[in-house]
Structure formats: structure tokens, C-alpha cells
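Each protein sequence line maps, in turn, to chains A and B.
Sequential numbering of the first sequence, starting at 1, is according to my numbering.
Sequential numbering of the second sequence, starting at 232, is according to my numbering.
Quick caveat, the hints were computed from the structure, so don't treat them as lab data.
Some hints here could point you the wrong way.
With the C-beta cut set under 7 Å, the calculated list includes, among others, these residues of chain B facing chain A [as the list claims (entries may be wrong)]:
hint : residue
1    : Asn-234
2    : Gly-243
3    : Leu-287
4    : Ile-293
5    : Val-297
6    : Ile-301
Straight-line C-alpha distance at most 30 Å; calculated DSS-like pairs for lysine-lysine [stated by the list, open to error]:
hint : chain 1 : residue 1 : chain 2 : residue 2
7    : A       : Lys-180   : B       : Lys-267
8    : B       : Lys-258   : A       : Lys-93
9    : B       : Lys-261   : A       : Lys-225
10   : A       : Lys-97    : A       : Lys-177
11   : A       : Lys-225   : B       : Lys-258
12   : A       : Lys-177   : B       : Lys-267
Small disclaimer: the values here were computed from a predicted structure and weren't measured.
Using N, Cα and C, we set each Cβ at its ideal position, and we do this for glycine too.
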Amino acid sequence: MKNHFLKGIKAGIPIAIGYIPIAITFGLLAESYNIPNHISIMMSLLVFAGASQFVAINLIISGVSPFEIILTTFIVNFRHFLMSASLSQRLDKVSNKILPFLAVGVTDEAFSLSALEKKQKINPSYLLGLGLIGYAAWNIGTMIGLLLALSIPQIIQDSMGIALYAMFIGILVPNIKNSKPIFIIVLIAITISLIINYSLHLSSGWTIIITTIIASFIGAIIYPKERDING
Amino acid sequence: MDNLWLIIIGMGIVTYLPRIFPLALLKDMKFPPFLKRFFEFVPYTILTSLIFPGILTSVEHIEAAVMGFITAILLSLFRVNIIVVVLGSIIAVYITNILL
């Protein structure tokens, strides 16, 4: 069990590397808008969801009502529902004691890494380690950003913006290479996502939810059999 | 300023519930084949929609974003460690930013 936990921590190092600069940026941004430090720290501890925290800071300083901010957060983060449902079918036997902590760690990054593991079953301790290192990196990064209170050169900060996307590509591409069905479904998902975003002008939260549902639905129809996915 | 506490607690609740509910309620349930299949595709489709179109606006200049994207794809094709993919892509964006 301890072994799996450490494996999860190790596998999560790229996630931590991706999180820290973003969390620092979050801390700097919150600080520059005069959000009280304890609020920024508590937001990272309680919410732990990058994009929605940046959005919330923007909405707070624009004077948007708490109800609208919470509703927006719900929409932006609802994709975790799909990830959690997907994980529920792959997770090895897990005690109810650690489940609440596991759930905290259901992020885009931890989900992507664990869901595309070769093994059919995912070890709960592994997932816990994966979640913990990300959670630690996110919160330490937030505090560093608040403490720094100085500006990182804009050009470096800007370049870091690609980090998590590069990680997603690094996870996805080897899978596309190995499977034609996945390649086709990814192409379909790209098409749907671009259409929804550019013609319907929906928010990224809705775009992700709708694209995932439609493209996975099409996948299950075209490739109904288990062996299709690796063939 | 009490509003700020209300906001972060509310945000925390609406973010946590979708994370815990499916895990807690569905883990001992066996999905019918079609739904099972649907959820097997979810990691790939969700990753794709996380990448597109967000990556294009992840950095200030779209040219830099495209260079970072191409670098990440090429490096992942060579199956290098994922940290190398991330750092290589950041460097590609940085260099493009300098040249622009």
C-alpha cells in the first residue's frame, strides 16, 4: 500500500511542476487585486481547481454577486463529475475512510494520468499519492505567490501558460499512436469542441462537458466492443 | 468582506460535490455495457477538449502557442519523459516570444 502511495507521488511530479508556476501566478494576481491573503490561501485549500479560481478573482473584483460566482464555479468544475464517474468503475477496493480525501484530488491532471494507466484497475493509494502532491504543490505555490509580491518577468510567466496543456498532450499522444479508434474519437472531439466554442460561443466549462459527452457517446456507438479500443 | 468567505465556501462545496458523489455512489455499481464503454472513452475526449481550443489562448501570442503545441506533439511522439515534454514546450514558447 505504501509502495503504491509513493508511486503516486512520483508519478505526480510533472503535475506539481505544472501547478507551481500557475499557483504562484494565482497568488500574485490575488495579491495585486488586494484580495486578503487569508482568503486567497483558503480558496486554494477549499476549492483546489485552477481555472475556476482565476475566474472567481476576476468576478470578485468586478463586483459580481456571490451567487453568480458560485454558479459559474459549478459550471466550470462540473466536468469533474464525469471524471469521478469514470474513476468509480476503475478504482480498486477502497475504504470509506480515504474516499473523501481521494475525491479532493480528482483534478484534470490526476484523472488524466491515472485513467490512462495501462492497468485496468486503479489503486486507491496510488491515486491518493497523485492527488496529494498536486494539492501540496498548488497550495505551496499560492503562498509563494502571495509572499513574493514582486513580479516575475512577464515573458517567463507567459511561457509557463503552456505547461499543463503540454502535459495533457504528453499523456494523450502516445495513446493516439497505439489505437485507431482513439485517434478517430480524438479527431471527432476536436471538431466538436471547436464548433461549440467558435460558433455557439459557449464558455469553456460547457464546451468541455458537452464535447466529452457527445464524443464519448459517438465512440461507444462506433466501437461498442472492448477489443476495438486497442485494435 | 464577509461575502468573500461566503464565496469561497460556496465555491468549495460546488466543486467538491461533483468530485465525491459519483465515486461514493457508483463505485459498487456495475454499469451496463454501453455506459461502461462510454466512460472508457471519457479520458480521451475530456483530455482533447481540455487541450482544444484552450491551448491556443494559453499564452499571449497564438504563434507561440502553436510552436509550444507542435513541440509538445513531437516530443510526445518520441516517448520521452513527460517532464521533458512540459519543459520543451515552455522553452519553445519562450524562444518564440523572444523572436516575436
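Against the structure, the hints:
no.: 1; hint: Asn-234; verdict: 5 Å, holds
no.: 2; hint: Gly-243; verdict: 3 Å, holds
no.: 3; hint: Leu-287; verdict: 9 Å, violated
no.: 4; hint: Ile-293; verdict: 12 Å, violated
no.: 5; hint: Val-297; verdict: 10 Å, violated
no.: 6; hint: Ile-301; verdict: 10 Å, violated
no.: 7; hint: Lys-180(A) - Lys-267(B); verdict: 19 Å, holds
no.: 8; hint: Lys-258(B) - Lys-93(A); verdict: 9 Å, holds
no.: 9; hint: Lys-261(B) - Lys-225(A); verdict: 17 Å, holds
no.: 10; hint: Lys-97(A) - Lys-177(A); verdict: 39 Å, violated
no.: 11; hint: Lys-225(A) - Lys-258(B); verdict: 22 Å, holds
no.: 12; hint: Lys-177(A) - Lys-267(B); verdict: 23 Å, holds
Of the numbered hints stated above, those contradicted by the structure are hints 3, 4, 5, 6, 10, listed in ascending order.
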